[in-house]
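**Q** Chain by chain, the residues run as shown.
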Amino acid sequence: MKKSWIPVFLLWLLFTVLGLLLVMNTTVLPAQYSEEAEVIDEAYELLEALAVPVMALIFAIMVWGAISWRSRGADREDGPPQRGSRLIVGLWLVVTISLAIGIVINPGFVGLAAVRGEPVSDYVVEIEAAQFFWQVTYPNGATALDELVVPVEKRVRYDVHSTDVLHSFWIPAFRTKIDAVPGLTTRVYITATHTGGIDDDVNLRIQCAELCGAGHAQMSLPVRVVDDAEWLDYIDGLGTGG
Amino acid sequence: MKYIFRASVLAFVGYVAGIWLTVTIRGGSPTDEVAVIFGFILGLIGWLSGIGGLEAFGRQWMGKKPKTSPEKGWTRYFEFSIDHKVIGIQYGVTFITVLLIGGIGAMLMRIELASAGQGILDLDDFNKVVSMHGILMVAVAVAGILGAFGNYIIPIQVGASDMAFPRLNALAFWLVPPVAIALLGAPFLGAFNAGWTSYAPLSVTNESGQILFNLAIITFGLSSILGGINVLVTIITMRAPGMTWGRLPIFSWACFAASLLSFCVTQFFAASLILVTMDRVAGTSFFGPDVGTGLLFEHIFWFYSHPAVYIMVLPGFGVILELVPTFARKPLFAYKAAVVGMLSIVGLSVVVWAHHMFTSGMADFLHGPFMILTEAISVPTGLVFLSMIGTLWMGRLWFRTPLLLAFGWLFNFLIGGITGIFLADVATDIHLHDTYYVVAHFHYTIVGGSIFGLLAALFYWFPKFTGRMYNERLGQIFAVWVTVMFNFTFIPLFWVGINGMNRRIGDYPEAFQGANRFASISALILGASFLLLIGNLLYSAIKGPKAGPNPWNSRTLEWQVSSPPPQHNFTSQPRIVGHPYDYGVEGSLYAVFDEAGAGESAELEGSPA
Chain S
0 MKKSWIPVFL
10 LWLLFTVLGL
20 LLVMNTTVLP
30 AQYSEEAEVI
40 DEAYELLEAL
50 AVPVMALIFA
60 IMVWGAISWR
70 SRGADREDGP
80 PQRGSRLIVG
90 LWLVVTISLA
100 IGIVINPGFV
110 GLAAVRGEPV
120 SDYVVEIEAA
130 QFFWQVTYPN
140 GATALDELVV
150 PVEKRVRYDV
160 HSTDVLHSFW
170 IPAFRTKIDA
180 VPGLTTRVYI
190 TATHTGGIDD
200 DVNLRIQCAE
210 LCGAGHAQMS
220 LPVRVVDDAE
230 WLDYIDGLGT
240 GG
Chain W
0 MKYIFRASVL
10 AFVGYVAGIW
20 LTVTIRGGSP
30 TDEVAVIFGF
40 ILGLIGWLSG
50 IGGLEAFGRQ
60 WMGKKPKTSP
70 EKGWTRYFEF
80 SIDHKVIGIQ
90 YGVTFITVLL
100 IGGIGAMLMR
110 IELASAGQGI
120 LDLDDFNKVV
130 SMHGILMVAV
140 AVAGILGAFG
150 NYIIPIQVGA
160 SDMAFPRLNA
170 LAFWLVPPVA
180 IALLGAPFLG
190 AFNAGWTSYA
200 PLSVTNESGQ
210 ILFNLAIITF
220 GLSSILGGIN
230 VLVTIITMRA
240 PGMTWGRLPI
250 FSWACFAASL
260 LSFCVTQFFA
270 ASLILVTMDR
280 VAGTSFFGPD
290 VGTGLLFEHI
300 FWFYSHPAVY
310 IMVLPGFGVI
320 LELVPTFARK
330 PLFAYKAAVV
340 GMLSIVGLSV
350 VVWAHHMFTS
360 GMADFLHGPF
370 MILTEAISVP
380 TGLVFLSMIG
390 TLWMGRLWFR
400 TPLLLAFGWL
410 FNFLIGGITG
420 IFLADVATDI
430 HLHDTYYVVA
440 HFHYTIVGGS
450 IFGLLAALFY
460 WFPKFTGRMY
470 NERLGQIFAV
480 WVTVMFNFTF
490 IPLFWVGING
500 MNRRIGDYPE
510 AFQGANRFAS
520 ISALILGASF
530 LLLIGNLLYS
540 AIKGPKAGPN
550 PWNSRTLEWQ
560 VSSPPPQHNF
570 TSQPRIVGHP
580 YDYGVEGSLY
590 AVFDEAGAGE
600 SAELEGSPA
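Chains as they are written, first to last, in numbering that gives the first Met the number 0: chain S, 0 to 241; chain W, 0 to 608.
Bear in mind the hints are in silico, worked out from the structure with no lab data behind them.
You can take every hint at face value.
One-sided and incomplete, this derived list gives chain S residues near chain W with beta-carbon spacing under 8 angstroms:
id: 1; residue: 57
id: 2; residue: 103
id: 3; residue: 111
Just so you know, even glycine gets a beta-carbon here, dropped at the ideal spot from N, CA and C.
Using the sequences plus the hints, can you model the full thing?
**A** Below, the structure written as structure tokens:
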């Protein structure tokens, strides 16, 4: 009965190859509109690839077990009395600990450093969250309640606060998220990489991601990414008009 | 039934008296939160004295003879019985009822989410249904296995006649119905819309139903702590002679680990809710908008609520590890490694809470350490998996309903565990946090890990509880149905989460409608499977064929006594002489029964009973 190792290994190989082909040729991630999205998506895809052989192992054992170790007939004989094996437990620990250390380093700390970046920015935009709207204040002091306009290829620091309860500033197309906490100013740096608006991609929106009360579901604001010059014109227009 | 009636009347009288006293002394309206608090406290006292809970303690303190529980008849299930088997059934029936009510909430949510825009629920009502579903299901997951199977099985498994503190055990159970009534009554005070997490400051400013949530959960916490002490003391002090820690059945080990956690951390949830309550009624401002302590609640809350997920799944681990050797006819693989794994989870689970807060705005330097600790917890969990698949390896797999559900458990919890890695990683969590990805993930871990464990346990121990066998074919259909439809419901939700749909919303952009509709239809079919479960078990409990003491040919002690077990579990003292899971080991013996009164006094003295 030692030959269970071979079919399980072959099944594992098959599932791993199929799984890797699947995750490498398809993506479940939405379109990227920021540098941070690229970092986060890369981390996601790396974790996907690492998950495949682990899941494949358990699936291989389950599938082979269901096919080949099924007890037939009603005689209820007992299986081989293996109580355990120090070697297998040791090997298992080495593999799982190595995997854990590996993902803590990459994408863990590598991704964390990359997604944080340097604390420098070209512009600072203030975001104020309240039940149930977003108010944007641009560097020239102009404010807007109807949309967030973002300059492309500029690193913008968003200073986020809340006037009432917890909210969360999330732009799915940028992948970044930071809570708006009453009494605190939280910060997030985003560099947009492509121009576009909510009509191009539904994920170009600020969406409140922390349950904040009755209007939580609809507490969103369209995001428009434009050229730097156009952005400067836009905020100037707001300043004079408002 | 007369005790339930008396308890209900006294609870009502207490509630009204509390409100009347408060209004008389303080003025104001009877729906003021202060009045509700005193009403709840007096109502709770009325309930406990009506059911006979205070009498049971009081008689002994006064030097009177304690009342004995009735031994027979169905009415004992409606009384303050101190028999752990009765209490186990009481917990089981209560939590399955709560599970079904919570399930109706889930169905309402999925119907609303079947299409974008607003349907049967307005946005705030949706949040209220989310919150109600959340807290009811959390209660089921936290105490379902521990309350029902922990109470019924642990004393028999360790060879004791009852739990260490039988009256405390009954008290812990009878605290639960007021909790359920307070939660389900909250809609009369405007319900609670802050989620089961009840993050402040929203939970300070929302409608008054929140106060009933707080009172209910503080009471439920008390019940959990009392239950936890009982399990710990029972396992530590009441094991049969010869049952060393290395021979303790793995289900009892798992409940020991979960109870240790529940005993140590539950008070933090209660503490956070007491602070919220003080903010609401006593004018304190722990979480006031101007104080800047918005993160304080999250830290205290998750200090309980992350370990809580292990309080939910550890008993699930225990159930699966318990039944896999029986149905694979092999010894439990690497028993010691599984025990070490579960105890390591207990230790690690209290130092990982802030991985729920990677986007909360907490200090930057905290992200790294919490990421490391969170990833580290995958190692002991891996040992539990190794033990399971090592036991299955080349076994003689007997595919009865419990093993089918164990396979479902393995599949679901694997997905839950793997997707947990994506949420432990700071970079990916920044995007995925608070999306449907998280919703799908924790349903895979909590339903996959705890509720599937509960279902497997229900089928595995059903013949022991009732003395009758459930319908195997219907059981198998249910196992396949529930596993497949569970996956059809939650796999699409990973996708909508990654693609920009956040959680706890009654409305969403049109782009997510297709996947949501698929999940909703699957969820309704999933919900329907529970009718089959309930029908099968109810019918079989009355009309099923007699099961005999040991239908699975198991080795642990609960299968060596009649089904259902006799009043004090054992007619003669068991003595443990071997390992519980030595299936297929030549000539191995687990327990011998000493004839009552026939010598063996040395060993009997050695037993801590």
